[in-house]
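Work out the full structure: start from the sequences and follow the hints.
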Amino acid sequence: MKQKRVVAIHDISCFGRCSLTVALPIISAAGIEVSVIPTAVLSTHTGGITGFTYRDLTEDILPVVRHWQSLNLTFDAIYTGFLGSFKQLDIIMEVFAALKTPDNLILVDPVMADNGKLYSVFPPDFPKGMKKLCAAADIIVPNMTEAALLVGDAYREGPYDKAYIEDLLGRLVDIGPQRIVLTGVYFDETELGAAVYDRGNITYPMSRKIPGFYHGTGDVFGSALLAGLMEGLTLDSATDAAIELTVGSIERTWQAGTDVRFGVNFEAGLGDFAARLRQRKNA
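Each number in my numbering corresponds to the 1-based position in the sequence shown with 647 added.
Keep in mind that a hint or two might mislead.
[Unchecked claim] With a Cα cut of at most 30 Å, we get these calculated DSS-like pairs of lysine-lysine:
{"#": "1", "residue 1": "K651", "residue 2": "K779"}
{"#": "2", "residue 1": "K649", "residue 2": "K856"}
{"#": "3", "residue 1": "K734", "residue 2": "K747"}
{"#": "4", "residue 1": "K809", "residue 2": "K747"}
{"#": "5", "residue 1": "K809", "residue 2": "K775"}
{"#": "6", "residue 1": "K928", "residue 2": "K856"}
[Said to hold, decoys possible] Ranges between beta-carbon positions, derived for each pair:
{"#": "7", "residue 1": "E898", "residue 2": "D814", "range": "17 to 23 Å"}
{"#": "8", "residue 1": "E813", "residue 2": "S690", "range": "41 to 47 Å"}
{"#": "9", "residue 1": "A745", "residue 2": "F834", "range": "28 to 34 Å"}
{"#": "10", "residue 1": "W901", "residue 2": "F662", "range": "16 to 22 Å"}
{"#": "11", "residue 1": "E804", "residue 2": "P770", "range": "22 to 28 Å"}
{"#": "12", "residue 1": "D845", "residue 2": "E804", "range": "23 to 29 Å"}
{"#": "13", "residue 1": "N929", "residue 2": "G847", "range": "41 to 47 Å"}
These aren't lab readings, by the way, just hints derived from the structure by calculation.
Don't be surprised by glycine CBs; every beta carbon is placed ideally from N, CA and C.
Quick look at the structure:
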């Protein structure tokens with residue numbers, strides 16, 4: 648079988664497990680070739696860490712894509728994460744136009760907010776720009792805060808009820824994408840998971856809730872989700888696989904007492920993750 652190839656468009660932190668340092672190994676573990684477009688290079692990620700260096704790579708994005716076009720390169724998926732400015736949002740729309748084919752998949756993780764707040768690096772109108780990017784996607788993977796910002800609502804604390812979640816999903820569908828994985832969904836204090844909307848069908852994959860807040864888990868989840876989809880899993884099954892890897896990574900980090908600013912230990916779970924993808928594919 649032809650090896651799948653995806654392009655991951657994220658920033659890269661030289662230390663701290665997030666963005667490209669997460670996407671590359673997780674997607675590669677599934678046997679998928681990963682090409683990258685780094686949007687910025689940082690000495691560390693920004694969650695809970697100060698004094699980091701930052702080099703913007705905005706001006707390099709389109710030249711990379713033009714060179715790829717000259718080589719007639721094609722991709723089975725385009726996967727975007729943190730984009731640091733309106734200019735990058737506009738450029739990525741050009742990237743989509745250049746690399747989109749009738750058969751490939753655009754997955755947008757609208758990384759811009761968490762815990763009820765827009766990230767401090769973004770202006771208040773940034774969600775409007777991200778909404779345009781989401782409209783061009785096949786699948787979006789917002790958390791609850793990002794979903795509220797995309798539809799213009801105030802953030803609401805959980806636990807949630809299904810009526811609220813399904814109304815929120817319907818409003819996200821109105822933006823454009825017909826497949827959505829809404830993360831951070833929970834109906835009680837014992838379980839945490841996602842709401843999956845797949846062309847009208849809604850499911851709620853859940854797992855046990857582990858105390859605390861852990862940086863980089865959204866990138867672990869999104870990368871594992873894309874890997875599952877590239878392996879031919881349904882959106883629901885790929886979400887289950889992504890939850891398994893994410894929860895296992897959090898649990899290892901929690902049990903080890905590791906500084907949560909450094910990200911979660913997903914590496915120790917990659918072998919099992921790849922094996923479970925094959926099992927799900929062959930089921």
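These are the hints, each one checked on the structure:
1. For the suggested pair K651 and K779, the alpha carbons sit about 27 Å apart, so the restraint of at most 30 Å is met.
2. Between the alpha carbons of K649 and K856 the distance comes to roughly 38 Å, so the proposed pair goes past 30 Å and is violated.
3. Between the alpha carbons of K734 and K747 the distance comes to roughly 20 Å, so the proposed pair stays at or under 30 Å and holds.
4. A hinted pair counts as satisfied when its Cα atoms are at most 30 Å apart, and K809 with K747 does not qualify at roughly 34 Å.
5. Restraint check for K809 and K775: the C-alpha separation of about 26 Å stays at or below 30 Å, so the hint holds.
6. Between K928 and K856 the CA atoms are separated by roughly 27 Å; this keeps the pair inside 30 Å, and the hint holds.
7. Under the hint 17 to 23 Å, the C-beta atoms of E898 and D814, about 32 Å apart, miss the expected range.
8. Under the hint 41 to 47 Å, the C-beta atoms of E813 and S690, about 42 Å apart, fit the expected range.
9. At about 42 Å, the beta-carbon gap between A745 and F834 misses the expected band of 28 to 34 Å.
10. Our hint of 16 to 22 Å for W901 and F662 holds, since their Cβ atoms are close to 21 Å apart.
11. Our hint of 22 to 28 Å for E804 and P770 holds, since their Cβ atoms are close to 24 Å apart.
12. The hint said 23 to 29 Å for the Cβ distance between D845 and E804, and at roughly 27 Å that hint holds.
13. In this structure the hint that N929 and G847 lie 41 to 47 Å apart at CB is violated, the actual value being about 27 Å.
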